[in-house]
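Engineer: Start from the sequences and build out the full structure, keeping to the hints where you can.
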Amino acid sequence: MAKLSIEDLKKIKESVQASVTLREGGSRAKVNIHMGTCGIASGARGIMTAVMDEIEKGDIKDVILTTSGCAGLCSREPMITVELLGSAPVKYIDLTPDKMREIFSEHVLGGKILEKYALSVGSETTF
Amino acid sequence: MQDLSLHILDIVENSLAAGAKRVEIRLEEDLQEDRMTIEIVDNGCGMDEEMIQRALDPFFTTKTVRRVGLGLPLLSEACRISNGELCLQSSPGQGTKVRATFQLSHIDRQPLGNMGDTLITLIVGHPEVDLFYEHRKDGASFSLDTREIKGALGDVPLNEPQVVSALRRHILAGLEELAA
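Top line first, the protein sequences correspond to chains A and B.
The opening residue of the first sequence carries number 214 in this note's numbering; numbering runs sequentially from there.
The opening residue of the second sequence carries number -7 in this note's numbering; numbering runs sequentially from there.
Please keep in mind that the hints were generated in silico from the structure rather than gathered at the bench.
Every clue listed holds true.
Restricting the straight-line Cα-Cα distance to at most 16 Å, the calculated cross-link-like pairs of lysine to aspartate or glutamate (EDC-like) are:
{"#": "1", "chain 1": "A", "residue 1": "216", "chain 2": "B", "residue 2": "168"}
{"#": "2", "chain 1": "A", "residue 1": "304", "chain 2": "A", "residue 2": "319"}
{"#": "3", "chain 1": "A", "residue 1": "270", "chain 2": "B", "residue 2": "152"}
{"#": "4", "chain 1": "A", "residue 1": "216", "chain 2": "B", "residue 2": "137"}
{"#": "5", "chain 1": "A", "residue 1": "224", "chain 2": "B", "residue 2": "147"}
{"#": "6", "chain 1": "A", "residue 1": "226", "chain 2": "B", "residue 2": "147"}
{"#": "7", "chain 1": "A", "residue 1": "223", "chain 2": "B", "residue 2": "147"}
Structural biologist: Structure below.
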């Protein structure tokens, strides 16, 4: 695709507005990628890219992707927090893009917590 | 950090943690002068003189969850080993300007890395912030201003998946053209 023009953006706007009206509710999940210095140095940006690839590949429209700072557990980065609608947040640690894809498929889309990569279930504080 | 695009991501995350609503990143590769310059200017809360003096100390941080602050010291070291330097300009309430220079051809200069992934990570993670990026190289340039994009999108957020996909392709195409 060539560079974006104002016309392209307007078409995207119309297309998004049309699809939003067809959606029943809000988002089903939120994926928060910890993007402190420690996270970035250990590969958090690659984790973000892996999630964006999955969202694009599956044409997923109801997953929120966001970032936060260091949570204080630098040695276990890259780290993410997955929060499904109505469920407690789950922190995953020591991630790689492959593990992230697995978590995306099993937990974010499938609703099943992947305990083998999880650190904890419960509320979190980010700084 | 493996490359300069990761340093840039980290420094801009600092700007955003300091409450910046607009961040401008300017990158210039000057082949004639054999110099690379990265400038990051934000309108965050800024730093006083004492904090500026301590910002390059790896054992100084404003965070409470850990006792080290490595972002700026790592970038400063990356500059130093490639015949460059890091300059900080800031004052409380006036934002901060980080200027990092490198000898472009220096064997120890870190590669730029994937600026496209850094930009899209910042846009997706902080869609509410205005981000300006300009990359100049040998007379050519690529620039992006999310304020203009937001203006065209109206109430559609920047982190809407369709918008993200289009922006990723746009940034990739622009940076590839610049590199060619």
